[in-house]
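Trainee: Each protein sequence line maps, in turn, to chains H and A. Residue numbers for the first sequence follow my numbering, beginning at 1 and rising by one. Residue numbers for the second sequence follow my numbering, beginning at 1 and rising by one.
It is worth saying that the hints were derived from the structure and are not from the lab. Where hints are given, some of them may not hold.
[As the list claims (entries may be wrong)] Cross-link-like lysine-lysine pairs, in silico, DSS-like; alpha carbons within 30 Å at most:
(1) K103/H <-> K69/A
(2) K103/H <-> K3/A
(3) K9/H <-> K103/H
(4) K69/A <-> K3/A
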Amino acid sequence: NAGVTQTPKFQVLKTGQSMTLQCAQDMNHEYMSWYRQDPGMGLRLIHYSVGAGITDQGEVPNGYNVSRSTTEDFPLRLLSAAPSQTSVYFCASSQASGRDNEKLFFGSGTQLSVL
Amino acid sequence: DAKTTQPNSMESNEEEPVHLPCNHSTISGTDYIHWYRQLPSQGPEYVIHGLTSNVNNRMASLAIAEDRKSSTLILHRATLRDAAVYYCILVQTGANNLFFGTGTRLTVIP
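Hey, can you work out the whole structure from these sequences and the hints?
Mentor: Right, dumping it as C-alpha cells:
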C-alpha cells in the first residue's frame, strides 16, 4: 500500500535551473495538491487539482507550474529556480467529495535547496 | 478562511494524558474542525475531525465546546512517538484545501 509517493527525496539546484518534482498516488483520489513548508512555518498551498485536466492556484503559486494529465500523477515544475524556493515540498491527495473527503494523505516530502 | 489559535509549545510526561487546546472564535456553521500532526521529517498525518459532537478514534479524542469557539485534542496516554507538531485547522464542508497555522509543538518527556 504505497499511498502518496514523492520523488526525489532531496534535490540541490543552481539558480535558474529547472526541475520537476514528482507525485503519484495509488488510491484513485481525485483531489491532489502541493504544499511548501519553510523552516518553523506551517504548510502553504501552492497548487491543487480536483481531477484530471483541472488545476487551480493556491496561496503561493508564483514560480510553479502544474498539470494533471492522469488521476494518479500531479507533477510540480519549477521553470527557473530561485533561492526563495528553497523549502520542503509536500504532495497530498484525498477523495474530491463524499464522506471524509477532507481527510488528506501526505507524501514524505522533497527537500529542495536552490543555491 | 477562519483562523485558529494554538499555543506554540506544550510538554507532557510519558504515559500521561495531554490536552491540546485550539481557539477558533470566528468559526462558521459549515466549518469542520480538523487535527493533523507532523512527526519530525515527515508529512502531516490526519488525526481526527468533528463538527459539533465530541469524537473518538484509535488515535485521540476531540472535545468541541458547545458554542464551537474552541476545541481540545486529547491524547489519552502520551508516548514518545506522539512528539510532533499538532495543527488545528478549520475546513469548510466539502472543501479539500487545508490552510495550516504554525501549530503546537508537543514534547513528550520520558
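Trainee: Each of the hints needs a verdict: does it hold here or not?
Mentor: Evaluated hints:
1. Taking the CA atoms of K103/H and K69/A, the gap is near 22 Å; set against the 30 Å cutoff, the hint holds.
2. Between K103/H and K3/A the alpha-carbon distance is near 19 Å, which keeps this suggested pair within the 30 Å criterion.
3. This hinted pair checks out: K9/H and K103/H have alpha carbons roughly 24 Å apart, not beyond 30 Å.
4. Among the hinted pairs, K69/A with K3/A is consistent with the structure: their alpha-carbon atoms are about 11 Å apart, no more than 30 Å.
In this structure, none of the earlier numbered hints is contradicted; all agree with it.
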